[in-house]
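Protein chains: 2
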Amino acid sequence: MEKGDIIRWEFEAWVVEDGNEILFDTTKEDLAKEHGIHDPNVKYGPMVSVVGAGRLIKGIDEELLKAEVDKDYEVTIPPEKGYGERDPKLVKIHSYRELARQKIEPEVGKEVVINNKRGRIVTVTPGRVVIDFNHPLAGKTLKYKFKIVEKVEGDVDKVRAIIEMDYGKEVEKFNIEVKDDDIIIELPDVCKYDSNWAVAKYAIVGDIRDYVANKNVKFVEVYPKKEEKKEEETKENTDENTENAEENKEEGKEENAEEEKTES
Amino acid sequence: MEKGDIIRWEFEAWVVEDGNEILFDTTKEDLAKEHGIHDPNVKYGPMVSVVGAGRLIKGIDEELLKAEVDKDYEVTIPPEKGYGERDPKLVKIHSYRELARQKIEPEVGKEVVINNKRGRIVTVTPGRVVIDFNHPLAGKTLKYKFKIVEKVEGDVDKVRAIIEMDYGKEVEKFNIEVKDDDIIIELPDVCKYDSNWAVAKYAIVGDIRDYVANKNVKFVEVYPKKEEKKEEETKENTDENTENAEENKEEGKEENAEEEKTES
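Heads up: the protein sequence lines correspond to chains R and U, in order. Each step along the first sequence adds one to the number in UniProt numbering, with nothing skipped, and position 152 is 152. Each step along the second sequence adds one to the number in UniProt numbering, with nothing skipped, and position 206 is 206.
Next comes chain R alone, as it looks inside the complex (with noise of 0.2 Å):
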């Protein structure tokens, strides 16, 4: 692969302890059931990501860049080139007091978050609590076994997996369509009403600028016109009745918008 290249892997991710490997991430939807880290929430199946574009940890990026497509890897990879080397100075004693007056019950193995900072508590003596607040993956070895599916090519499906990468939802009822200086998306109806839409939009601009091209990029939101009901003539008329009745109640509700506005 190249620098900017946009693909879809798979891979398991492993960490190695004390001899044992155990699984801490996958796109493998088996696997991940098999080993207990199961989450309904995530979309199992390969995953879009832009190679060399410092978004994976280091070693990964420079593995994908020596990789081609279809074939297995493993490759283990040192604390360095993944979530860094343990920093003792991040282990920190924190009073009781003080957790108490953030609401924090302490338990060995917690997760708390103080001061915006993600930590874990692994001793709790009279008095006193400690808290690790180092990466739980910082100095560990870690070992990933990865095939690259896909290398994504052309404009329009580059665009489509820059959608899959950066929103993830629907991906398929989106219209693309390159032309000329225009990248042209055409919506589907989830993004009128998903607060995410508004985040994600914004983050698609930019990778297409970075890894497809530098084209305007014009967001398309479609209010299609209503059919006009000629198939069916016997529900034709309660359909229209039904349709004045809320015209006639909209036509209220914009009455007395407007009585406020002249009497203003």
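It is worth saying that the hints were derived from the structure and are not from the lab. Here the structure is a predicted model, which means the values were calculated and not measured. Incorrect hints may have been included.
No copy labels: a pair is met if it fits in one copy or bridges any two.
For lysine-lysine, the following DSSO-like pairs were computed, each having C-alpha atoms within a straight-line distance of at most 30 Å [unchecked claim]:
(1) Lys3 x Lys225
(2) Lys151 x Lys225
(3) Lys3 x Lys226
(4) Lys169 x Lys226
(5) Lys173 x Lys218
(6) Lys169 x Lys215
(7) Lys226 x Lys215
(8) Lys151 x Lys226
Once you have looked at the hints, place chain U on chain R.
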């Protein structure tokens, strides 16, 4: 005019009381100032309305239907075609304690909102407060002076007028195109960040269907491509540096997000 026509019109709205005439609304900025009802938040000048759509008081809707462009009209409108007759049942007695519970200090003339109804305090006696929930213009005879400045023609101009009526901001910056079965509306940047737009767009779609044409309405949000800087050779370097710095910052953020995902 005909029902459904879109117009731009000017008006002066007076309330007739005890032989006096008091201006309560107008599209004319100077006149509003002169009569002490100027509101700096209001956009003065000819206003867009839909004729006969039941959004204006009945008396005005009827007069507009009879009116022609560029002629001056003056009409007297009785209460039943204005804001309705006064309903004595809407004058209600409230106890001091009731108002205290809603943190309202009773004062004659004060506007209050109780159970979502707007009213005005008319008398305050020990122990009881009389509130009139009639519309302030109920029971009043009105006098309107108006002129239709323009009957809006053509689909593009009608769409623009509807945007002016339902949204009102940066109307000239909307790029409107009618093509076969589509009405394509390219949005100005303000719509990307304005929560009013999220509400206005539904009103606009409805009004386009009712008063322009039953076509697909497509809102297009544009993120223009980055300009390549060739003209200003001397500035180029500094600009590029700023750009890179920004990109690195962005990648840093996303790296964190990605790591949390991989970790789950």
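Within, between, both or neither: Lys173, Lys218 at alpha-carbon 30 Å
both (16 Å within a copy, 16 Å between copies)
Intra/inter-copy verdict for Lys151 and Lys226 if alpha-carbon distance must be at most 30 Å:
Cα proximity of Lys151 and Lys226: across copies only (26 Å, versus 41 Å in one copy).
Please work out whether the CA atoms of Lys3 and Lys226 approach to 30 Å or closer within one copy, between two copies, in both situations, or in neither?
Between. Shortest inter-copy distance 21 Å satisfies the 30 Å Cα cut-off; intra-copy 47 Å does not.
Up to 30 Å CA-CA - Lys225 versus Lys3, copy category:
between (44 Å within a copy, 22 Å between copies)
Using 30 Å as the alpha carbon limit, work out where Lys169 and Lys226 are close: within a copy, between copies, both or neither.
both (26 Å within a copy, 28 Å between copies)
Between the shortest in-copy and the shortest cross-copy C-alpha distance, which are at most 30 Å for Lys151 and Lys225: within, between, both, or neither?
between (39 Å within a copy, 25 Å between copies)
Measure nothing new, just compare the shortest in-copy and cross-copy C-alpha distances for Lys169 and Lys215 to 30 Å and report within, between, both or neither.
Intra 24 Å, inter 28 Å, cutoff 30 Å: intra and inter.
Treating 30 Å as the Cα threshold, decide for Lys226 and Lys215: within, between, both or neither.
Cα proximity of Lys226 and Lys215: across copies only (8 Å, versus 33 Å in one copy).
Consistency with the previously given hints is maintained throughout, with no hint failing.
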